[in-house]
Each structure stands twice: as structure tokens, then as C-alpha cells.
Amino acid sequence: MEMNYVIDTFFAIFAMTLIVLMVPGFAMLEAGLVRTKNVSAVLTVNVMIYAVASMAFLLIGYSWAFGGWDHQDGISKYAFFMFQMAFVGKTINIMSGGVSERSRILPLVVFTIVMASFIYPTVVNITWGANFLKDTMFDISSMYDLAGSTVIHSTGGWALLSAILIMGARRGRYTKSGKIKVIPASNIPLVTLGALLLWIGWFGFNGGSVGSISSKESADAVALTIMNTNTAGLAGAIIAWIIIYLRYKLFDITMILNGALGGLVAITAGPDLYDIYTPILIGAIGGTLVVFAVPIFDKLHLDDPVGALSVHLVNGIWGTIAVGIFTDHSLLAQLKGIGVVALFAFSTSFIAIYVINKLIQLRADDDEQLEGLDAVECGMEAYPEFTRTI
Amino acid sequence: MEMNYVIDTFFAIFAMTLIVLMVPGFAMLEAGLVRTKNVSAVLTVNVMIYAVASMAFLLIGYSWAFGGWDHQDGISKYAFFMFQMAFVGKTINIMSGGVSERSRILPLVVFTIVMASFIYPTVVNITWGANFLKDTMFDISSMYDLAGSTVIHSTGGWALLSAILIMGARRGRYTKSGKIKVIPASNIPLVTLGALLLWIGWFGFNGGSVGSISSKESADAVALTIMNTNTAGLAGAIIAWIIIYLRYKLFDITMILNGALGGLVAITAGPDLYDIYTPILIGAIGGTLVVFAVPIFDKLHLDDPVGALSVHLVNGIWGTIAVGIFTDHSLLAQLKGIGVVALFAFSTSFIAIYVINKLIQLRADDDEQLEGLDAVECGMEAYPEFTRTI
Amino acid sequence: MEMNYVIDTFFAIFAMTLIVLMVPGFAMLEAGLVRTKNVSAVLTVNVMIYAVASMAFLLIGYSWAFGGWDHQDGISKYAFFMFQMAFVGKTINIMSGGVSERSRILPLVVFTIVMASFIYPTVVNITWGANFLKDTMFDISSMYDLAGSTVIHSTGGWALLSAILIMGARRGRYTKSGKIKVIPASNIPLVTLGALLLWIGWFGFNGGSVGSISSKESADAVALTIMNTNTAGLAGAIIAWIIIYLRYKLFDITMILNGALGGLVAITAGPDLYDIYTPILIGAIGGTLVVFAVPIFDKLHLDDPVGALSVHLVNGIWGTIAVGIFTDHSLLAQLKGIGVVALFAFSTSFIAIYVINKLIQLRADDDEQLEGLDAVECGMEAYPEFTRTI
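Residue numbers (our numbering), protein chains in the order written: chain A, 399 to 788; chain B, 399 to 788; chain C, 399 to 788.
With the rest of the complex left out, here is chain A (with noise of 0.2 Å):
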């Protein structure tokens, strides 16, 4: 008894430091991804929405989220809460990424604290958490969504999305006529570096939310989940590159790197669930929905550098619908969850958003975008002895 409890301790501490390894993750992928006028400001956010955003959801979020902090007994409640906190900046990441290289930081601060003290806690609330919503028609707690394709990822693609409506596209990105401006990634190491450490922290991610390793079923459960992950991420890379090369007879390392994170979304709401060959067939198809998805999106002047709402939207909801398809769960109630949760988290995050803008000005200014965030925001560049040629 005692061991279990030790045991499930100390992997919950291993999952949450690969999770919190995805901070860095993030970090470096967008700041990779954007132009190097903007990379000073894109680390910033990086840094400010974990200790903001981690600092808001003990203080506030976490008791809401979970109805207080002597609710798990088979594990120590300081590890508890720190694989939880891990979570919280994820859906941040993924609103703020999307909207990189126009946003001002000191809004989305601002929004961090919102969406880590009351929005993301009230979803944990009604799936993971203290039910609030429990024998309402708004319940949603028979969705299986092991690791967040909805909790997190749809939830902070929503806070994307919104954001996106708001805020409009970078200035350039799409000329009068209507064209799509290509802009090229900065850092392509970066990128690539940043893809893999959040690959390898969806393995405590998913793993860890298993919730226990201490019996031979958790351990089996443990394994099955991270290895059924890795495969959906190896698929999604290969049916990207695939698709990507018979169309272009090019290697694109951005689109190969965006399938494998589709596939991860996707595999996350039911990893433990699958045998060992089905994550192949939900990582290719959440890898397509990545190709395929980036350019609609651009076509709908839907601006996001870093390819987000393709990653974490489109393969959060593919992902919580595959549970319903491939196993014994009810589709309805996947269905459902995203519904419930689609609702609350656009409409709570387009409000927030919305008024943030309004009072505080999100959206830097088409001169602040073309000078760069870096100067105006930080007043230090991110290269300054490299010379800049855009």
C-alpha cells in the first residue's frame, strides 16, 4: 500500500518534469517559426504564460478545478498538483502561439490569468474534476478523454480561434487582393528541436494521466499509452510527409513536424484504449486533417503562424470522436463533451478576449508589426549581431 503510494508519487513527479519539458518545447518552436523580429517577444510569452499561468492556477484555479486539494488518496497531493499545473500553460501556449508576431504581451498576461484561474479550471471542472454541472443537462462527464484532445487542445484551440476573430491576421499576411504572403520560419533547429521535446513530453502528457503505474494492469496501461502515442506521432509525420512529396516532390520539415504533433493530439483522448496497430490509422488521419486543414485555414484569412488551430483543434476534435468510433464508448457522449466544451470555451474566451482587446489593445498596431515586437515590446532584438535580411 505504502509502495503504491511511492511509487505513483515518483512517476507522477517523472511525467510532470517531461511535461514541464514541454515548455521549453513550445518556446523554441515558435520562436523557430516566426520572423526574427518577433522572436524576443514570442520567448517572453513562452516564459510569462508558465509562471503567470501556473502561479494563477495554484492560487485560484486548481480548488475550482478540483473542489479542493485533499481529493486523491493514492498519491501525494504536492505531485498531484504539480503534474495538473503542468497542463494549465499548455492551452495557453496554443491560443498564443497562433496569434504570435501581433499580439502585446501585457493582454495576453492578462488573458493567462483568466483563462488559468477560470476558464481552463471550469473544463477540468465538468470532465476531470469536481462536476459542477453533475446530473444537469450539461454534463459531461461519460466523455472518455484520457489526456485532453478536448480538455486541453480543443479548449485552447477554441481560445485560438476566438482570438483569431478578433485580432484579424498579421499586417501583410494577406495583400488587398486577397493572396496569402508566404513568410518563411526564422529558426528551422529551433523548430525542429521544439517539435521533438514536445513529442517526448506527450509521453509523460498521456502517460502520467494514466494516474497510475503501482499494479501490473496500471503498468501495462502505462506502457501501452505511451508506446500507442508514439505511434500515432510516427504516423502523423509519415502520412505528412507523404502527402506533402507526391504534391510537391519536396520534404517540408514544418509540415512533416505539424503532422507528427496532429497525430499526438489526436492519439490523446484514448491512447490506453486502442491495441498496438489502430494509433497507426488515427496518427495518419490526424496528419492529413494537419495538410489538409493549414491552407483552408489560410484561405479563410484565418492568420496562425504556427499552425495551431490545424494541431490542436481540428485533431482535438478528431481525436475525441475517434474514442466514440473505435471503441466501446459512446460517440454521442464524445460528441456531447466537444459540443459542451466548444461552447463554453469560445464563448468564455471570446468575451475575455474580446474586452481585453477592447481595454488594453491586443493587437499591436501595423507600425509596431513592422518594426517587430522584439523592439517594441522588449527593446532588445534576438540576434542582434546576425544581420537581418526581411
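Just so you know, the hints here were simulated from the structure itself, not pulled from any lab data. The reader is advised that the hints may include incorrect statements.
Note that the list lumps identical chains together, so a pair holds whenever it fits in one copy or between two copies.
Only pairs whose alpha carbons sit at most 16 Å apart, straight line, appear in this in silico EDC-like list of lysine to aspartate or glutamate [as the list claims (entries may be wrong)]: (1) K475 <-> D673; (2) K614 <-> D471; (3) K734 <-> D533; (4) K475 <-> D533; (5) K475 <-> E615; (6) K577 <-> D696; (7) K647 <-> E766.
This structure is a prediction, so every number in the text was calculated from the model and none was measured.
Position chains B and C against the provided structure of chain A, taking the given hints into account.
Leaving out everything else, chains B and C in the frame of chain A:
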């Protein structure tokens, strides 16, 4: 009993995670060592190797290597698979790194499939696995190779040697009069980051290869293994520093790091067998071999931009021999193992690469190399905003 | 009993691995903070410190610190060694980082040997180790310093202070009229990556220092320690952000990260002793101290390119005092410990560095600094293809 299963499964997951950290490790190391015009291509290759090799191993190679999915008892079969899967890409990383800046990506992917579904699994089969050569004259199962000095590093090294022989050097690397043109690494921080991630990954590689941690004896064996692994890396770095410093009065960070990696490869065959001081000698010899092998291969016009032949092939052999010298294990058995693997890995790789190169041209043309593989293969610069001067 | 041994050994290996992740952490942080012309030298120093310090500790320092190899019972002696070894380089990293851009490498390596075989092991001996001062007037074993606010961070800080006093500032840092010339960091993504790796490494540093995880009580203590460690980092980052933002209306990512590191150093003496809210205060004070100490040291012309005096020395002292303020531990004992370590570490470092500087010139000449240490010491540019403008 159940607790042993739980702890060993957890430990395998921990070790596997460290090994997967070698994916960004290799990617950053190689991206830093090549010229900027080839960085996106190198990164693409690294990600593709992980994706394709792992998938091929899941679908084909693993069963062939170990004779099915149900051979292990004391650990979750999913964790065991993941641990083994994490190894596969390494053999191909070794090969792909050494032919950087001159190899087209699609043929490399094809070779990845051959390596991960046939060549490497066959080597595993006859050493750590099902052993279809049992009781034949080629039976080498008495070779001691804990974590793969021969099974991983030499195998990858032989594949690389065959690739270099078939493909020749990079355009412009050796002048017509036979002079060597030095091509500087483009990003030393990435080289350092990558090598250090590999170093840390090695703790999982070798420590995890002990196979169990759940008894006092095995816990000691794991800890000794990790300590000795690290010590050999330290010694390799120090000796490489000293030799280069005595000769040139300069500190060569890439050679220091390659010396460390050489020491790490050398200890990999028997880190659990030595007392805590012997690894100093083994690692120091490993680092010395790297320092002297690099210019020798260069004189032979075996062009290897990352020093992989010296690090992995030479030290893979040295490390396997060292077990025969410093322990009671038969030197003859070690040599026989080295020989059989050499014969098999070199010949099969040679045939595969030769055929692939004939059919779909592995080597990039000289003008493609001049333009850079990023433009030709990826349509994407790695650092589009940083001026190029080479 | 055996299970405790197994789990505690595994946990020590886990914690050690996180601490070794601080090697790339420090390397990337410092490589990002200096000018491009000194990046290869800084990276070389970081790798050499890990290699040489660890080897010296293995051969000499460890036995002196702990009085031999067989003092621990509940954990593999190899794991215990590795955990302790992972600490050593940190004290020297603190010193070397603060004298970046002006120190020659070979003398630094010599000092590394002195520090790792004598100065640091002596500090460990009288605090966590064999304690040869037992029952003398200098006995400071009643100081509480769980993971080394004093033992590691102040010790490194005192060594740095003595080095700065002996070596003086970088060429051109202060004009003849006493003005301060700002020298911008060359690579902000590396700074961010490095600081975040340090942050994650701290979980192992402090968590592992609890020494055991294999009982319910110790599992709680480890989890609380890691949670509190993280919280102090959050608070340090947030307060540094607020202070700088209120003053300059800018987001200073390097100061935010140094604020976080200051909070992390400050909590290190007693993360297991506090409730979950006190670390907010301790970390916030830590971050505040960094923000105000950096310009003060600069006014005193104590040139410290990475802010190590403010982060490690000031907060090492503050963190050790904090235990005396916020817990039942005697403030006097804490102050006495700070004083004795200060006296010993500063004086021995001063003597060692003074002698080294006299004999083999630690400080690079002004013209060498102008040319850059990469050219002079390494014969290798860090980014040869990126144009330099500074």
C-alpha cells in the same frame, strides 16, 4: 513479484525516454556540424529516420529480431518494445550523419526501411534476440555486448562505410591534387547541445540495457553501468582535449565532444563489468582513437562530416574488444562477434545502398550540392534571415 | 527493505539525470548571453568543466567530502556518487559564467581542478559530509541547507567574486569616465532554452537532495520540495517582470529568467520546510534582489556578463537566511554557516585564482578580447556563416 514488474516497467519507460532524447541530440549535433545550406535537409532526415525506422520496426523488424511479442516476462511488453524501438533509429543516424551534405532524402528513407526492418533486426536476432544462427558456426551469442558497441554502433558504422565507398566525398571536399578543404561547422551551440543530449541519453541506453532494476543487485548494476558510462565519456573528452591542445595550443570543442562520444561508444559493450576506474582507461583510449582516426579517414578520402566512422565504427570495435581484454569474457568470442556482424552489416548495407543508389540516386549531383540540399530537397532555408557567407 | 533500496537508487538516478541536464542548461544560457565572438570559448569551458570537475571529484574530491565510498546504506553507492558528482560542476559554472568573455580556458581548467578536488569538497565535508570541523568552533553542521543555497550557490558566488576582483572587467565594458557600455546578448533563444533547462534540472537538484522517496513521508517531502522549488521560480520570474515593466514599460526576458533563477536559488536551502505559500514570498524577494543587485554590481564595476553574482551569491545568502526566518531553524546557525563558508570559499578561491592568474594568466589580454576568444583560444568561430555586426 508484481512490484518488480511495476518498477522494471517504469524504469524501462524512463530509460526509453532518455534514449528518445537522442533524436533531438543527433538532429542538433548534425544540424550544427553541416553548412547552413544543408541544415533543413539534415533535420528532415533525422525526423524521418525516427518516424520511418520506428514504424518499420513496429510492423516488421521487432518480431524478426525477438521472435514475437511475448518473450519477455518481468516487464510490460509495450515498455520492452518501446525501449528496443528507441534503439533502431540510432544505427541509421550514424550512417545518415556521415553522408550528410551529399545524400538525397528519399533514397535515405528507403534505406531506413531496409535497415529497420531487416539489417538491424537480423543483427539483434543473432546477438540479443531469437538467434536463428544458434548452434551454427556463425553463432555469436557468446559475445558480450550489453548495450550495443557492436550491435548498434558498429552496425551503423559498417553501413556508413559502405555508403561512403559507394557515394564518394562531398563536392569540393578534396581538391584534384588531393588536398583536403576544411568545411567549418555552421553552428557550434547546436553541436554542443546535441552532443550533451546524446551523452545524457546514453544513461538510458546503457542503464536500461541492464534490463532490470528491481533487486538490490540489479539496482547496483544499473547505477554502476551509468556511472561507468559517464566516466568513459569524461575520459574521452579530456584525452581529446589534451592531445589537440598539446599539438595545436587550441581548444577544439568539436573534437572534445567527439572524444566524449568515442569514450561513450567504447564503454557501451560492458559498462556493468568493470570496476569504477577501468572506464577511465577505456574511454581515454576511445577518445584517442577518435582524434587519430579522424585525419586518417580524411587522408583516405573517406569523407565523413560528423566523424561518425571514428566515433561509432572504430570505438564500437574497440569497446567490444575491451570486454575481452579487461574481463573474463573470451576475447575470441568478442572478435568473432565483431567479425560476423561486420561481414553481415557491411555486405547487406553495401548491396542495399548500391541498389538504391543505382535506382533512385542516393548521391546528390554536384550542382545540387553546390546549391545546397535545403533548396533542392526541401525548398526551405534553415535560417532565411541570416546572411550567408559560404 | 530491498524495495526501498531499489526505489531510492532509481530515484537518485532520475534526479541525477535532471541535474546533468543543467550542463547543456548552463552552456546554452551562457552561450546565448555572450557575444558571438566568444561563444565557442564559452561552450568549450562548459564542457571542460563537466569533464574535468567530474573526473577530479571521482579521483580526489568525493572521498575527501564524504570520508570514503561506503558511508551510505539505503542506496547504491554508485548512484549516490553520481548524484553528488552532478553537483560539482555547478559551483564552477557559476564562477566561469561570471568571468565570461575575458578568461582564458587553460587557467580555468586548472582552477576547475582546485575547486573540484579541494575547495568544494571541503565545503561539503563541513556541511553535508564527514565534517572534520566537528566540535570545533567552526562547526557549522547545524546550518540547514538542503540542496545548497550556501554549499553550492554561495560557494560558486564567492569564487566568482574573487575572480572578478582579480581579473577586472571586460575590455571596454566601463569607459574611462566610468560609464557602463551595454553589451547585448547574442542569442536570446539559447538564453531561454538554457534557463528553462536549469529550471527543470532544479527539480532533480532539490528533489533528489531529500535523499529518499521510498516511504510515504519521504515521497510527500520530495513532492513538496519540487512543488516549492517551482513556486519560488514562478514568483521570481513574475516579480522581475513586474519591477522592470513598471520602470521601463518593457519586457526584459533575460531579467525575467534571472529573476526565476534567483527565486530557485533562494528556495534551495529549505524547499522541504515551508508550506506551499511561503515560497511565493521567498522567491519574490529572490527575484527582487536580482533586479536590484544587477545594477548595483555594475555600478561597483564588478563586471558579470550573466548576472551570476546576483543570482547565485546574493540569493544563496538570502535563501540560507530565509530558513532561519521562516522556520524553527536557528537564524544564528544559518548566519554562522554562511559566514564560515564565505570565509573559506572566498579566501581559498582568491588565493587559487591569484596564483593561477600570476603563473598562467587567467585574464585574456585586451587585444585578445577585442579579437574574440573563439579566434584566439579555439581557432573556431561559433557561427561562421552568419555575418557579424558587433
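Hints that the structure is at odds with (numbers, increasing)
4
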